[in-house]
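Participant: Each chain, written out:
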Amino acid sequence: MTVGTTHEVALRMTGITKSFPGVMALQDVDLEINEGEVHAIVGENGAGKSTLMKILAGFYQPDSGEIEVGGRNASHWNPREARTRGIGMIYQELNLVPDLTVAENISLGAMPKRGPFVDYRAMNAKASAVLRELDTDIDPGTRLGDLSISQQQLVEIAKVVAREPNVVVFDEPTSSLGDKETRVLFKVITTMRDRGIAIIYISHRLREVMEIGDRVTVLRDGRHVETRDVLGITPDEMVRLMVGRDLSEMFPKLDLELGQQVLSIEGASREGQFDNVTLDVRAHEIVGLAGLVGSGRTEIARALFGLDRLEQGTITLSGETVKIRSPRQGVAAGIALVPEDRKGQGIIPGLSVRENFTLPVITRITNALLIFLGRERKIVTEMADRLKVNPPQVERPLNVFSGGNQQKVVLGKWLLSKPSLLILDEPTRGVDVGAKADIHHIIGEFAQAGGGVLMISSELPELLAVCDRIFVLHEGIVAAEISRADATEESVMRAATGQEVAA
Amino acid sequence: MKHFDIALIGTRAVQYRLLVMLLAVAIFGGVSVDDFLTMDTLQSVIDRATVVGFLALGLTPVLIAGQIDLSIGSMMSMAGITTIFLQPFIGNLPAAGVGVLVGVLIGAINALMVVVFKINSLVATLATLLIFASLALLLTNSYPLSSEDPIFGLPLTADFLVILTPRSAIFLIAAVLMFVWLKLTPTGRNLYAVGSDASAATSSGINSNGYIAASFVLSGFFAGVAGMMQSLSTAAGSPVAGAVMLIPAITAVVIGGTRLEGGRGSSLATLGGVLALGALTTALEYNGVPSYTQAIYTGLLLILLISLDRIVSGNSGTTSRARRSVRVAPRNSPHPRRNA
Amino acid sequence: GCASTDSGTASGDSDGVEGKSICYVTLANSHPYVTPANEGAQAAADAAGVELTIVSEEFSAQVGAEQLNSCVSRGVDGILLWPADENSYLPGLLKAEQAGIPVVAIDTRAGEESMKLIASFAGADKYDQGKISAQQLDKALESTGGIVVIAGQAGNGTEIARSGGFLDELENLNSGLEILATVNADFDQQKALVASRDLITKFGADIKGVYAQDDTMAKGFLQALEESGLGFVPVVVGINGEAGAFDNIREGKQFSTILQPPFRNGELAIETLIAVMKGETVPEMVPLENTVVDSSNVDTLEPAM
Amino acid sequence: MNQLVAPARDLDKSTTPGALFSTLSIPIAIVALVVIGSIASPSFLTVNNLTNVLNANSAVGLVALGMTFVMVSGGLADLSVPANVAMGALVTLGAQDAVGIGAAAALGLLVATLGGAVNGVLIGYLRINPIIATLGTGSVLLGLSQLLVGGGIVYSQPNELANFVKSSILGIPVLIWVFVFVALILHPLLARTAFGRWNLAVGGNYRAAQASAVPVRFTKAAAFAMTGFLAGLCGVLLALSNGQARPIIGTGYEFVAITAVVIGGTSVFGGNGSVLRTVGGVLITALIGNLIILLGFPSQATGLITGAIVLAAVGVDAYFRRKAGRQ
Ligand SMILES: Nc1ncnc2c1ncn2[C@@H]1O[C@H](COP(=O)(O)OP(=O)(O)OP(=O)(O)O)[C@@H](O)[C@H]1O
Ligand SMILES: Nc1ncnc2c1ncn2[C@@H]1O[C@H](COP(=O)(O)OP(=O)(O)OP(=O)(O)O)[C@@H](O)[C@H]1O
Ligand SMILES: [Mg+2]
Ligand SMILES: [Mg+2]
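Protein chains in written order, with my numbering: chain A, 51 to 553; chain B, 11 to 350; chain C, 2 to 306; chain D, 3 to 329.
In isolation and in its complexed conformation, chain A is listed as follows:
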C-alpha cells in the first residue's frame, strides 16, 4: 500500500496525558492520522490503546494535551460532539442495545424522522443497505439481543459505517469474528479508506496489521514508541517495540509422550448446537477444537463442564463414565473451563484477585466453618507469581487490571482447582503478544505435568502451533480429526467450511 503523504491530516493528537487512580494510562502521546490511510495501533494489554481512543471519542477527558480534527480544535468534547464531527468508534466491548431492533440500533442517536415520528421505512431501508454492504443477511427487524455475538459485532460495525464518518476507530473488531467475517470486514475497511476516510485499526493480531495497515503506531506503557510504515517493519520488530525486548511470539512446542486417556466423549448431542460429537483427549496432550464462528465449539465446552445440559452421549473421564449436570460436578470431576466471554463469565470485577483466584476451590481451603485466610493468601501469591500477574497486588480488585492480566487470573483460578482436563475457550482473545506467550507457556506446563487440554481458538496459527491434534467442527458435527503432522491452515479450513468430511 502506498502511504498517502499527499493526503490531508484528518486528525492530530498531541501530548495526550491521562491518568486513572493508581495508573498512568497515557503519557505525552502524539498521534497523527491522514485521510485515506489505515493506521494501526499496537501495544501490550494496558498500553493505553483503548484509553487513547476513548479520549478521541470524547468518552474521557485528557488531563492534558490537544486534539485537532479536520484542522479544528477538539480538545474537550463529549461523545455526541465527537460523533457529529465525524468520529466513528467501534469499541472493544460491544455497544449495542439488546432490546431494540437491529435497524434501531444502527440508527441509534440519529433516527430518521418524519414529522415528530420515527421514519421506520427509511430507517429499515438504510439498515438493509448497510448490512448488505457488509455482506450479511441479518434482518433489520430482529431484536438485537437475539443475535449471536458475531452477528452483533457486524451490527456494531454497520452502525458506525452507516453514519458515514470521517474517522473510524476499530478497537479489536475481529476478536469475536471468524475468518469469513474478517474477510468481509477488511473489504469494507479498504473501501472506506479508498473513499478517503481515516481509519484507526487496533488489534493484537499482527498478521492483520500487516495485511490491512498502512502505518503502524506502537504504544508501550502509555507512551508513544514509534510510528512506521507497515511496509518497512516485520512482525518481530513490532513485537520488540511493543515489549521492549526480543520475544518469540509462540511458546515452543514440547514433544511429550502421550499418557492415559483423560477425556472421551461419545455421541454427544445438544439439539441445534452439536450433533453426535465424539472426541478424546489424553494426558500430556493439547487437543484443538477448530471451526467457524457458530460451529458449536463453545457449546460443547459448556456442556462438558456442566453449564448446559448434555442431551445425549456419554462422557468418560480417566476411564470412568460420569454425568455432569452443573459446574460444581464438573469441578468435582476434575474439569476446568476458561470461558470465552471473560468480562461476562470469567471475572468478578469487584472482588480482589485473591478472591477471584480461589472461588472454585474455596470449599477446599475451608475447615468446618471458616476459610483459612493465611493458606489462601499463600497459594494465591504463589500462583500470581507463577503467572506473572502484573501488578502483583492480589488485594486489588480485578476490574482495574488489564485484559491480559484478567485472563491470567481466570486461568490461574482454574489451575488452582488442579483439574485433570483443562478446557480453554479462546484463551488468548484480546490478549497481547507478551501475555499470550505467557499463557501458552502455562498451558504447556500444565500438559507437561500430565494434564489434558482441550483448546478452542479462532486463531488458526495459534492452534497449529500449540496443539497435538485438532478436531474440526462444521455446523455442530465433527468434520475432521487432524494430527499435528497433517494440520495446515488449508486442511483445517477445508474441513471447517464443510469441504471435507471425516473418514
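Any given hint might turn out to be false.
[What the hints assert, rightly or not] Restricting the straight-line Cα-Cα distance to at most 20 Å, the calculated cross-link-like pairs of lysine to aspartate or glutamate (DMTMM-like) are:
no.: 1; chain 1: B; residue 1: K128; chain 2: D; residue 2: D319
no.: 2; chain 1: A; residue 1: K230; chain 2: A; residue 2: E540
no.: 3; chain 1: C; residue 1: K117; chain 2: B; residue 2: E158
If you are wondering where the hints come from, they were derived from the structure by calculation, not from laboratory data. Owing to the predicted nature of the structure, the values given are computational and were not obtained by experimental measurement.
Could you slot chains B, C and D with the ligands onto chain A? The hints should help.
Facilitator: The following block gives chains B, C and D with the ligands in isolation, referenced to the frame of chain A:
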C-alpha cells in the same frame, strides 16, 4: 414480510394475558354478582383506576429507563395537600397547577440524586419517599386539609361519555399519548435504548443521563397530577393519601408486562394492567371478599404472571437449528445487567 | 345534618326491607376494634334479612371514597360508611343523594359538609371520649403536673377527635396540667413501647399522667415503665375497654378506660340504617354509650374486646 | 494522586479520602450522634437510655442483618419482611394454646423461614426480579396471616418463654443479647466462610460465579430464606415481649432494615458489604430515632431526618467512589 420471532410472540402473550384476565374477571363478576356487567360498573372501574393509573403511567417511563421510583406516593400526597392548601390564596386552578408543579419539583430532586449524585434510584427514591411522606405530615400537622370549595373538583368524577368521567378520560388520553411517544418518536425509542443499556446508548450519542432525569421528572409530573386529581375530587388534601398507592401502582405496571430491568414496556400495557387490577378488585369487593383475601389473590396473580413471563421469554427454551440466529435471552450476551 | 325521613323513600315499602342490599364501606378487615364491629353489622343484617356487602378501605379515605362511588353505581339500597377522614367522601355522598341512596355513618363522624348528606351517625362520641379522658386525668392529678399524650395514627379521624376533645376540655377546665410531649404511636403497642421508653428516659418521674388514645398504647407505655424499673406510678388513662386494660385497672397500673363495645356498634349502625331505609325518623346521632371503667366498677363490667 | 484505591471493604492499606471516608464514616457518625445527644439531653448518655435504644432496635436489627446478605448477593431487597414478621408473631401466639409456647415459637420461625424459602425459589431458581417477587409473596403472606387470625389481634398467655424474652442477663435485655449473638455469627459467615464468599461473588457477577462452580441459585435462595428466618425471629420476639400480635406488627420494617444496611455502606448493586457495617447502620438509625424524641422534634420528622441522612451518606460515598474512578 412479517417476521415473527419469539420476542414478538412474547409481547403478544403479554397483551393477550391482559385480555384473558379482563375477560375472566368479567365472566367471574357477571356470574357471581347480579348486575355486574353494566355501564355503571364499567364507569366505576375505569374511574377508580384513574388515580393509581396516573401513578402507574408515570412509573412506566422510569421502569423502561431501567430505574425505579418508590417516592410516587409521597409526591402524590405533597401535590394533594398543596393543591388544597393554596386554593384560598391563589385560586382553585392556579393551586391545582402548583400542586402538579410540586410533583415535578420532587421528581427533579429524584433526578438530581440519581443523575448528578449517582445514588442508586432504589435508595434515592426510598429516601425521598421517607422525606416527603414525613414532610407532608409535618406540614399538615398530620391533619387532612379540607377544601373550602368542595364543589370545584366534583365535575372531575361526573358522568362523561357513558362509561367515563372527565378524569378517567384524561387518563385514557394520557396513556395513548404516552404510547405514541414511546413507540413512534425518536426520543421514545431512545428511552428504551437507555433502559436497555445506558452506556451503549451514551456511546451512540444519546444523553442517557438526560433521559433518566427526564423520566423521573415525568414520574413526578404524573404523581403530581394524580395527587391534584385525587385531592380535587375528594375535596381533601390528605398527607397520607399516597402512602398506600405504591404497591398497587408497581403491581399494575408489572402485570402489564413492563420489566423492572428496563428496556421493555408500554403505557398501553400499563393501562391494561391498571384496568385488569381495578376490575378484579371491584369484582372481589362486590363479592364481599375481605381485603386481605384480595391481597392474597393479587399477590398470587402477580407471582403467576411474572413467572409465566419468565417462562415465555426466559432462557429455558430449547433452540433448534432452524432458528439459530433468533434466540431469546442470549447466554453469552455481552451486556451483563448491573442494576435492577 | 338533619335526620331526614324522605331519603327513606328509596326503599319503597316502609315495612319490608328483606332482600334489600346494603353496602358497608368499613375501615378495615383486620383490626381489633373494627373486626368485631363488622361482625356486629353482619349479625344485624342477617337478623333483618338484608344482604350486606362489606368492602374495606384499609384506613385510606381515598380508597374508601372510590368504594363509596362504586357502591352507588351498584345501585344498592343503603350504604353504611366508616369515614376515615372528614371530607373525602363528599362527591360519593352527593352521588348517593342523587341516586336516592341513604347513608349512615358508623363510629367516626365525617366533616360538617359531609354530615349534611348523611342521615345519621351511629357510634361512640370520640370527641366526648377525649373530653372524658381530660376530665379523668385532671381530676386524678388535681390539675397539676406533667402529662404525656400517646396519640393514634396521625390524621386518622379517631385520633383527631380524641385529641381535639382532650385539648378542648383541658382548656375548658382551665387545667393546670402541662403536656410534656405528644407522640404518635399509630394505635400500635410496639410503637408506643418504643416511644414510651424515650419519653420515660427524657422525663422520668416528671410524667405524672399519661393519656393514651387507646388501651393498646397504654399497654405499651406500662411495659416501658416496667422495664425502666423506675417504679413511679403515673395516672394512665386509656380508651376502648380492652381485656388487658381491665386487668391493668384491677392491678392498679391503669387508672381508667372508656368502654366502647364494637360488636354493639356494628349492630346499632345497621339497625339505624335499616330504620332510615324503612323511612322511619332517626335522630341525627345514635350514640354508643361511653362508660368509664375504673377500679370502682371494673368487676361489674365486661371488656369490649 | 497515583495511589491505589482499594475496594470499600478492604481499606486498611489505603489512604485516599474516599477510602478514609468509607472506613471512618460509621464510627464518626456514631460518635457525632452520641456527642449531639449528650449535649442535647442529660438523660441521653445514661446506661438506661442507651440500653433502651438498643433494645428497641434489636428486633428490627435482626432483619437488617439478613437484608445485608440479600443485598450483597445482588438480591436488591426483601420487601416481604413485614409479612414474615407478622407470620412469626401471629403463628407463635395463635398456636400457643394448641401446641405450647415453645413449639409455637418454633412453628412461627418455620413458617417465616418457609416464606423466605419461597422468595428464594422464585428469585434464586426462577430468577424473578426480587422487588416483584417479594412484593407478591409479601402480599400473599400478609393476607394469609390476617386470614389466619380472622383479622384483629391475638394475645399471649403468660408463659416462661415470654418472661425470659422480657428479662435481662447481666443487666442487658435478652433482645440485645439475641441481636449481638446473631451478628457475631453472621459477620464471619459473610466475611470468612465459603458461603459468604459465594454471596459476594454472586452479587459481583452472577454468570461468572456460576461458571466458577459457585452454587448461584442456592446462594441467592439461601440469602432470602435466611432473611425470612430472621424476620420470623423478629416477629416471635416482638410477640413474646409484647404479649400480643397484630398483622401490622412489622409494617415499615423492610424500609428500616434497608435504611440501616444502606447507611452501613453496603452497595445496593451487590458484590460488597459487611455485617459489621450493618450493625453500625442499625446503631445510627437507632440513635437518630432516639435523638428525635429527646430533642423534642415531632415523631413525624423521623422519616425526614433518616431520609436526608441516607441521601447524604450514600451521596458522599458515591462521590468519593466516582472520584476514585470506580463507580
Ligand atoms: N476506567 C479506568 N479506571 C482505572 N484504570 C483504567 C480505566 N481504564 C483503563 N485503565 C487502565 O489504563 C491502562 C490502559 O488501559 P487500556 O484499556 O487503554 O489498554 P489497552 O491498550 O486498550 O489494553 P487491551 O489491549 O487489553 O485492550 C490500563 O492499565 C488500565 O488498567
Ligand atoms: N450469545 C449467543 N446468543 C445466541 N446464540 C448464540 C450465542 N453464542 C453462540 N450462539 C449460537 O450458538 C451456536 C453455537 O455457537 P458457539 O458459540 O458454540 O460457536 P463457536 O464455534 O464456539 O463460535 P464462537 O467462535 O463464536 O465461540 C451458533 O449457532 C451461535 O450462533
Ligand atoms: Mg483495549
Ligand atoms: Mg465460542
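Participant: Confirm or reject each hint.
Facilitator: Evaluation of the provided hints:
1. B:K128 <-> D:D319: Holds. K128 (chain B) to D319 (chain D) sits at ~10 Å (cutoff 20 Å).
2. A:K230 <-> A:E540: Between K230 (chain A) and E540 (chain A) the Cα gap is close to 14 Å, so the pair holds against 20 Å.
3. C:K117 <-> B:E158: At roughly 15 Å apart (the allowed maximum being 20 Å), E158 (chain B) and K117 (chain C) satisfy the hint.
Checked against the numbered hints above, the structure violates none of them.
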